[in-house]
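Novice: From the two separate chains plus the hints, produce the assembled complex.
First to last, the protein sequences are chains A and B. Numbering follows the numbering used here, in which position 296 of the first sequence is assigned residue number 296; successive positions increment by one, without gaps. Numbering follows the numbering used here, in which position 410 of the second sequence is assigned residue number 410; successive positions increment by one, without gaps.
Worth double-checking, as some hints may not be accurate.
Computed list of lysine to any residue pairs in SDA-like fashion (alpha-carbon distance at most 25 Å, straight line) [stated by the list, open to error]:
1) 192/A x 32/A
2) 211/B x 212/A
3) 255/A x 299/A
4) 41/A x 75/B
5) 213/B x 216/A
6) 255/A x 206/B
7) 15/A x 107/A
8) 213/A x 394/B
9) 16/A x 84/A
10) 69/B x 239/A
11) 345/B x 433/A
Covered stretches of chain A, as calculated for chain B (at least 3 residues, CB under 8 Å) [as the list claims (entries may be wrong)]:
12) 35-46
13) 167-181
14) 384-398
Negatives, chain B to chain A, calculated, CB over 10 Å [to be verified]:
15) 22
16) 114
17) 122
18) 406
Read the hints as simulated data drawn from the structure, not as lab findings. Glycine included, every Cβ here is placed at the ideal spot set by N, Cα and C.
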Amino acid sequence: MRWWAAVEWIDQIIKKGLKSVDEVEIFYVEGRSISADLKQKKINLASASEDCGLGIRTIHKGRIGSSSTNDPGHWSECLDAAIASGHLATPLPWEGLPVAQDISQTPLTFDPLMKVEPASALALLEQMLAGSEEHTAEVTAGSAGLSTSTVTLANSSGVHYTDSHTGVSLSLEAIHKQSTGYEFDHSSFMNKVNPFHVGERASFFAHESAGGKEIPTGNYEILLSPLAYAELLGSVFIPALNGRNVHAGRSRFAKSIGEQVSVPLLSMYDDPLLQGADGSVSWDAEGMPTHRIDFIRDGVLEAFAYDLKTAYRYGKTSTASAVRGGYGGSPGIGHHNFVVDGKRSSIADERAVYVHSVVGAHTANPMSGEFSVELSNAFWMEGGEFEEPIRSAMLSGNVFSLHNEIIGMSQKSRSIGSLILPSVRINKQHIIGK
Amino acid sequence: MPGITYYDLRHVTGQITHIDIDNGICESAGTTFFNKAVLRVISKSGWGILQIDNYQPCTGRKFDELLQKACALSAITQEPVNLGDVSRGVLAVPAMKEDPRLVSIEEKSAILSEIEKGAIHPSVVNRRANYIERVEQVGFFDSSGNEYAYEMCRSGFNVLAVASRNDNTQMGYEREHSIDGFNLRHHLGLGKKAAGIAVALLDAKSAHGGKLKAILDPELAGVFAHEAVGHASEGDLIQEGNSVLKDKTGQKIGNDRLTIVDDPGLPEFGFDPVDSEGVAVRRTEIIKNGVVNAFLHNRESLAAVGNGIAGHARGMAGEPPLVRMSNTFIEAGDATDHEIFEECKNGIFLKGSRGGQVDPGRGVFQFNAEYGYLVKNGECTGMVRDVSLSGDILTTLHNIALCGKNRKMSPGYCGKGGQSVPVSDGAPTILLCDAVVGGSGMD
Numbered sequence: 001m002r003w004w005a006a007v008e009w010i011d012q013i014i015k016k017g018l019k020s021v022d023e024v025e026i027f028y029v030e031g032r033s034i035s036a037d038l039k040q041k042k043i044n045l046a047s048a049s050e051d052c053g054l055g056i057r058t059i060h061k062g063r064i065g066s067s068s069t070n071d072p073g074h075w076s077e078c079l080d081a082a083i084a085s086g087h088l089a090t091p092l093p094w095e096g097l098p099v100a101q102d103i104s105q106t107p108l109t110f111d112p113l114m115k116v117e118p119a120s121a122l123a124l125l126e127q128m129l130a131g132s133e134e135h136t137a138e139v140t141a142g143s144a145g146l147s148t149s150t151v152t153l154a155n156s157s158g159v160h161y162t163d164s165h166t167g168v169s170l171s172l173e174a175i176h177k178q179s180t181g182y183e184f185d186h187s188s189f190m191n192k193v194n195p196f197h198v199g200e201r202a203s204f205f206a207h208e209s210a211g212g213k214e215i216p217t218g219n220y221e222i223l224l225s226p227l228a229y230a231e232l233l234g235s236v237f238i239p240a241l242n243g244r245n246v247h248a249g250r251s252r253f254a255k256s257i258g259e260q261v262s263v264p265l266l267s268m269y270d271d272p273l274l275q276g277a278d279g280s281v282s283w284d285a286e287g288m289p290t291h292r293i294d295f296i297r298d299g300v301l302e303a304f305a306y307d308l309k310t311a312y313r314y315g316k317t318s319t320a321s322a323v324r325g326g327y328g329g330s331p332g333i334g335h336h337n338f339v340v341d342g343k344r345s346s347i348a349d350e351r352a353v354y355v356h357s358v359v360g361a362h363t364a365n366p367m368s369g370e371f372s373v374e375l376s377n378a379f380w381m382e383g384g385e386f387e388e389p390i391r392s393a394m395l396s397g398n399v400f401s402l403h404n405e406i407i408g409m410s411q412k413s414r415s416i417g418s419l420i421l422p423s424v425r426i427n428k429q430h431i432i433g434k
Numbered sequence: 001m002p003g004i005t006y007y008d009l010r011h012v013t014g015q016i017t018h019i020d021i022d023n024g025i026c027e028s029a030g031t032t033f034f035n036k037a038v039l040r041v042i043s044k045s046g047w048g049i050l051q052i053d054n055y056q057p058c059t060g061r062k063f064d065e066l067l068q069k070a071c072a073l074s075a076i077t078q079e080p081v082n083l084g085d086v087s088r089g090v091l092a093v094p095a096m097k098e099d100p101r102l103v104s105i106e107e108k109s110a111i112l113s114e115i116e117k118g119a120i121h122p123s124v125v126n127r128r129a130n131y132i133e134r135v136e137q138v139g140f141f142d143s144s145g146n147e148y149a150y151e152m153c154r155s156g157f158n159v160l161a162v163a164s165r166n167d168n169t170q171m172g173y174e175r176e177h178s179i180d181g182f183n184l185r186h187h188l189g190l191g192k193k194a195a196g197i198a199v200a201l202l203d204a205k206s207a208h209g210g211k212l213k214a215i216l217d218p219e220l221a222g223v224f225a226h227e228a229v230g231h232a233s234e235g236d237l238i239q240e241g242n243s244v245l246k247d248k249t250g251q252k253i254g255n256d257r258l259t260i261v262d263d264p265g266l267p268e269f270g271f272d273p274v275d276s277e278g279v280a281v282r283r284t285e286i287i288k289n290g291v292v293n294a295f296l297h298n299r300e301s302l303a304a305v306g307n308g309i310a311g312h313a314r315g316m317a318g319e320p321p322l323v324r325m326s327n328t329f330i331e332a333g334d335a336t337d338h339e340i341f342e343e344c345k346n347g348i349f350l351k352g353s354r355g356g357q358v359d360p361g362r363g364v365f366q367f368n369a370e371y372g373y374l375v376k377n378g379e380c381t382g383m384v385r386d387v388s389l390s391g392d393i394l395t396t397l398h399n400i401a402l403c404g405k406n407r408k409m410s411p412g413y414c415g416k417g418g419q420s421v422p423v424s425d426g427a428p429t430i431l432l433c434d435a436v437v438g439g440s441g442m443d
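The shape of chain B in the complex, shown without the other chains (with noise of 0.2 Å):
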């Protein structure tokens, strides 16, 4: 078609159970249903993209329509757009343990409740679960002749229980979300621990601002990467300008030791077996041994950036992919948990994760713990509650001290630009010193 140099087009259809109890009361169980494409075309100024509810595959000319649709709307565009040379290729979608569409949600509904009593404690006054199920079929087609289809489920449960005293209201959270299949099974101690943090915060202290030495668990050590890292390598944002890693690639800001990776094709809860643009998915070492190494790029800013991996663009149904992390993880060293405590001495062991936020161009990020315990002398004392930290990209790297030997990855979601895509982040255990730490406590 006249002035159109590219297009592809993802059109994702599928749908969504949920149950949601609250308090032993089923509040909403049910299944919807989606359908949505997004056409992306590139004419000679920039993008036109349409985004179309209820797509209904069409070729000849009513998709030649469609195209025309969506490059007129690149006619305001001011600037041409360039693709970057990118592998093909598409992973399988790891196999299910146990399909969760073979599972009556009668029987989902049974188990989840069974997870929900489990926080019955006289201290909890209230308790709430929620089951979520989401299936896509993903198709997508590029007018350079790449094509594929794939199928895949994710699967998961929170469960939260809030222990009121007096004036005081805490609340003790649990999640297990994956990739594997029906997931509600096996987990029935969820609720309950979830309850046995709760009640055990209503005792815990505000911890106290300042800076000193902070362990962090895999889940924390995870969210830390992802702030603190991942999103300031994305291209799309070294591109705007807007990272304080532009022009750092090849600079050393970590420890020898450290190495952040981001790899989509990990099968964790963050996996794609192909990015949303039709690129075969790589493992990106964003930071290898304490230097910058690899952004994560979509074929825009591969080109127009370089210095990095194209494969991380991703996408929500029915709109325009933008660069992601997925699997997110520093990678594991070589000390133990006792050595660990030992170079802490004196500190705070953090533990839990209720999301971070960073401005990567001016380098700041906070993330905050779900609970933590004070360090004396190695061993970990009184528990303590909301506690945040905070730092700058440039610096805090050099103050991971030590990694340990087992990394776990923790699900979660990821928000930008207005859309939330499934992420894993993890770590293992880790020692930060000079941290950063928020809290109201006063002496």
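Next comes chain A alone, as it looks inside the complex (with noise of 0.2 Å):
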């Protein structure tokens, strides 16, 4: 089913579903991509799909109901199975869906240039090989993939927008005696990436990890590349943002609006219309129109992330942050370029240890802030050089204390899935040799 197809079969789920509720809400993705992949340096395997997806959303008298399906020519059953669901949930004050608005559906995140082929993908390994040449490692295993979507958002107030998506992405993954290495890239746009940086960076880790040095017990100043910091962000302190986990009592940020919950020089933000990245929308996954907000300005926390539902329940405003992991279930709270950014400096001149990425991240408490990882790449770092690698370790603390503690930015920043940061620099971090 092509989506000009699909506009005829909205209408009419709208037009069925309000024979019996208040409100309709329609989420139809459709997209195909190819992928293939390395096993050491031959492509093994080349695959493609196509997906659609349909989500329905339905609300009467406060309660939402919600269905999905993937075979869109069986509507009136997922229509009928959203209405079910709503008679099942809690009815929650509800003030209506968005109505229509000018904004702009130009796609910010489409690149006309990307050819979704397996020629493309094949051209994107061999330069990511060609990378992995510049050290003496092997490669054990890679991927490149890319992909194009279109995503058609309507309601029954009116709201029917249409966005278009385009992506690649690339991995390689390196050995060399008993170190490994890992790299990656992503981007909307074909010319934002660099393969033969990603197999050169993942060949220079496998490659200068090998014969490390055990660490003595301590604190140290580290610094966490922003792979690494991302690892701890993302699944600890971005929740802490999210108004539903603060109003529910699962932020420890509950009661901080207004505090110093970092150190001055940092700031955190979520710019849904930054150019050239990869999370840009105009409008979030339930048609809101998008714009910055900032969470934590130079420290203090100023913000938290919002969707109707929740901003409806609490007395709040939308902040535009719905968004959908595909087409199934409800829309949740999300951001779309999350940024940390502040004051840059050198922050690699004096020597300290570098960490470019951890093992377990995901095992820290996403409560209270504690973790212990074991560090993947760690060196010593002096005068912005890697110097004698570190073998092995653990690195424990809280994410939300180090915060405290950051002394310093990188210059550059690197786009790590949806999170846009710099490497940081941390004082008096606990990490535990063997």
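Specialist: Here you go:
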């Protein structure tokens, strides 16, 4: 089913739904993707997928129902299931889905030059392999993928928006003796990924980490790479800014608005309209026009993220932070381009422990923020150079309190998923040697 | 069809029913539907794979068109794929005690709500309970004439309690998931248990980092087996050269009494009646009496690597199967709990799991306990929170000093290559010497 054919039955679903419920919302996504995987240096498989999915949300007297299917031909059963699910939901204060507004329909994350074809994946893999030749290491696995999709959001208040996305992602894994290296890149735009660099870095980390020395247990100044910082931030800190978690008692920041929650040099915001960023959108998953949200400004907590449901329930305003993980289920609170920003400086001059990534960030305690993770590709760094590698150690601390110990941010930021963040230099972190 | 030496198609349809109750409010409840297939072909050069949403079974010219599409993809592949010879057969799916589909969603919601209310406590600021039920109809056929079909249902629930005092926020989390059928009844106490743990953790101390003796309860010891041994024995990683267990077959990496097994045929949460390539599932003794014995394989890695058993290919609906664990466990030993605590004398007793992760090429793993107790003179004393362990695959298994008598399996999900599959892990209580414990506690 093509999206222009979808328009017709979208109207039919809304019309039929309105016979039983106050409001109807349709989310329809259709896309295709190509990927190819390396087993060592040879392409072992190539795959293609064609996806489509229909999500329906109904609201009746404050009861929200939802259902989804990837067989849009059976939309009628899906609508019935959504309405039935609404009967079970507890009624909540609800002031209506958004009405249509004059929002730009120009896609922000669509690259017309991207060719979602096996040949594109082949070219990316070849460039990554060329990059990996820069250092002595064996490639173990790698992948390159390209995708394109069209998303349509419509509701019974007249919203009917369409957006298109493209995406390219690549990764490479390498090993040297008993030392591994991993690197990746992703973007909505073909010319913003650097496959040669991905290959070069993967083999660099594998090669350079070999022969690492032990580190004695103690407190050290550390440099978290954007990847290591993102791993810790994403699983603990960012969920605490989610308005739903705040009001439900699941956020440590619940009573911290107006308070200093990090060092003053740091700010965090969501900028959905950032040019060239992967998560950029003009409207959120409920059709609200997006705008910048300043969560933390100069270390002071200023705002939380809200979708419509949570905002209506707690007397707040939606921050257009509704996102969908796919077509299934209801939208939830998330972010579009989450940026960590602040005063930049040269942070790698003085000797510190550089941590490229960590093993086990998802086991951090999401409530208290406490974590103990294994270091991956850790080095002593001085004068901006990777010095001797560190073989194996654990880093223990608290994701919230380490934000009071950040003493600098690198000049450059990097995009990791939907986060855009620099390397950070942090005081007094506890490392457990072996 | 010219150029194609093998194909198979795995078609999964089904429905997912969920209920989400948050602080007494039914946030959402309902049913969604899915229909996905994956068609894999091997041409002269490699795999061509087509992932199909909303697959309508077809034959003749229509099916040939799909084969051609998949074959065209394989044009960029560069290495011939060989498939190992395997045995066939499908196990019967264990009968459910009570079919969840015969219980109305209103009744499910009412019972879940009771469990959630069990977590009410003056110090508990948030309670959340989720129910999930997934019914799958699976069909498979391949170009060699193998064909099977079965239906399976997995269901279960989680309950979370968050306790808070001053700036201290802690959580307790309980879960039950099974293939035995509707399992919400008779678990009304779990909400209360989650609340009890969350509240007790408010007074727990952070663990001190360092090397010490650790007693692992069956759930945590199961995750240890999964992270420390299971992933590194996956044949695809061995084939890629990304595991420290490569070329270690026959080498001793643990003590004589240590046997670690993966068995997809065990009627636990990771049960598969047949694997995703139509191969009969078999108990695989990864480590036998301390020696690296057999790798987990799919047909491709069996042919490329050998030294193991196929039947471990698993894929999510519509996704190409990968080599995966199913039910992974350390075999029971002969130590009593009393002996384990006596032998430990001074150390730490760790319970529950928040998961773990491994870098199999480097041979380093990390996993996390929900909570624990300091052991002094063989007795449990003060409670500690947020304790992680890490270790080296090739040395840590030697440090398993004692294995208890009773093995218990715990359900969970395992992620790899962007796919999440149901698994169970288990073990008896074990004593681990020289465990590297991470914790931020300071003197």
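Novice: Each hint needs a verdict: does it hold in this structure or not?
Specialist: Taking the hints in turn, this is what the structure says about them:
1. With a CA separation close to 21 Å, the supplied pair residue 192/A and residue 32/A stays within the 25 Å bound.
2. Note on residue 211/B and residue 212/A: the hinted pairing holds, with a Cα-Cα distance of about 20 Å set against a maximum of 25 Å.
3. Restraint check for residue 255/A and residue 299/A: satisfied, since their Cα atoms lie roughly 15 Å apart, inside the 25 Å limit.
4. A hinted pair counts as satisfied when its Cα atoms are at most 25 Å apart, and residue 41/A with residue 75/B qualifies at roughly 16 Å.
5. Between residue 213/B and residue 216/A the CA atoms are separated by roughly 20 Å; this keeps the pair inside 25 Å, and the hint holds.
6. Restraint check for residue 255/A and residue 206/B: satisfied, since their Cα atoms lie roughly 24 Å apart, inside the 25 Å limit.
7. Distance hint between residue 15/A and residue 107/A is unfulfilled; the C-alpha atoms sit about 28 Å from each other, more than 25 Å.
8. For the suggested pair residue 213/A and residue 394/B, the alpha carbons sit about 18 Å apart, so the restraint of at most 25 Å is met.
9. With a C-alpha separation of about 14 Å, the suggested pairing of residue 16/A with residue 84/A holds against the 25 Å cut-off.
10. At most 25 Å may separate the alpha-carbon atoms for a hinted pair to count; residue 69/B and residue 239/A exceed this at roughly 42 Å.
11. Restraint check for residue 345/B and residue 433/A: the C-alpha separation of about 24 Å stays at or below 25 Å, so the hint holds.
12. Given as covered by chain B, the segment 35-46 of chain A passes the check, having 8 residues with a CB less than 8 Å from a CB of that chain where 3 are the minimum.
13. Coverage of the segment 167-181 of chain A by chain B holds [criterion: at least 3 residues with CB-CB distance below 8 Å; count 5].
14. Only residues whose beta carbon comes within less than 8 Å of a beta carbon in chain B count, and the segment 384-398 of chain A has 6; three or more means the coverage holds.
15. In this structure residue 22/B is not separated from chain A by more than 10 Å, as the shortest Cβ-Cβ distance comes to only about 6 Å.
16. Every CB of chain A lies more than 10 Å from the CB of residue 114/B, the least distance being 15 Å, so the non-interface label holds.
17. Chain A leaves residue 122/B outside its interface by the beta-carbon criterion, the shortest separation being 13 Å against a cut-off of 10 Å.
18. With a least CB separation of 26 Å from chain A, residue 406/B remains clear of the 10 Å interface cut-off, as annotated.
The structure shown violates the earlier hints numbered 7, 10 and 15.
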